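Please model the complete structure; the sequences and the hints are all you need to start from.
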Amino acid sequence: MFNYAKLMKFLLPLVLFFLISFFLWKGLQQDPHQLPSQLIGQKVPAFQLAELLHEKQMMTPQIFQGHITLLNIWATWCANCETEHPVLNTLAQNKNIQFIGLNYKDDRKAAKLFLNANGNPYQKIIVDDQGTFAIDLGVYGAPETFLIDQQGIIRYRHIGPLTTTIWDKEFAPLITQLEKE
Amino acid sequence: MKFRLNLVILSLCFWCIFANAQDIYNFANNEQQKTFNYLTENLRCLVCQNQNLADSNASLAKDLRRQIYQQILQGQSTAEIQHYLVSRYGDFILFKPPLNITTLVLWFAPFALLLFGLGILLLIIKKHRHINSAKMTLS
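Chains as they are written, first to last, in the numbering used here: chain A, 1 to 181; chain B, 1001 to 1139.
No lab work stands behind these hints, which were simulated from the structure alone. Note that the structure is a prediction, hence the values are computed from the model and not measured. Beta carbons are placed, not taken as given, at the ideal position from N, Cα and C, and that holds for glycine. Hints may contain errors.
[Unchecked claim] Dumping the calculated EDC-like pairs for lysine to aspartate or glutamate here, alpha-carbon to alpha-carbon at most 16 angstroms: (1) A:K112 to A:D129; (2) A:K105 to B:D1063; (3) B:K1062 to A:D129; (4) A:K105 to A:E51; (5) A:K43 to A:D136; (6) A:K95 to A:E179.
[As the list claims (entries may be wrong)] Quick look at which bits of chain B chain A covers, simulated, 3 or more residues with Cβ under 8 angstroms: (7) 1028-1040; (8) 1059-1065; (9) 1081-1090.
Right under this line is the structure:
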């Protein structure tokens, strides 16, 4: 009986210490800005917005039907979008994927100038001046990138600039899986 | 003269009370104003995550305040507006997390720890009583 109590006295703080250390260590590894999207597995919310380069053209979720789509939220005021842009230009050479841009709370003129200077990876660009569609998508920090399947369902969301490492690790396996479906 | 100058300086100090990040919104009644204040003070700004929507100057916080304002005018309830935001941004937007399976530990761990501590305290007290009573009988 006495031995048991002594053992507990020694073991309990030790176990507690390791438990707390484990959770604190786990907490250090987490990026509080990487929140899971609430919309994974759901259809892209409804919208009806103009196209940046063809202003008379109205865009609706119809554009996602039948394509694997990368929806990239960007703006000229967003410095990280500029860093990300060359990566998008390279990735856009993959013709199996439809690249759609969402120009988020931006100046249309500035956006066009930016694309002229830096290249345009997008097949179509949705203009969201007011940021209302972005709110429906749960966007809180540009750049963000959504992977949308052939049925218009959101499969993955990445927050922050895309890199080739993230692409190879997170997007590429999902895309090969989608191509098989 | 000096007194007056002090008064001016003093009054300037209180200006900051009226300064906050909010835009001017007009409400039909006090109830709506209260709902707006409650919601913006209890929802997290997702850009600067330790600020609430009322205090944040981030452009997303402004948009969300406008969205909340419009929904209040449309007659949506507090719960409906909260649901609208949670379905887009997740529970993380709430400063007071809801009670569900994933937050069970979060809600009850403090009480469990409290009970644990009380248990240890009781054990120690019991032991000391034992020692003390042993000493008493010795003396």
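Would you pick out the hints that fail for this structure and give their numbers low to high? Hint 7 is the one this structure does not satisfy, whereas the remaining hints hold.
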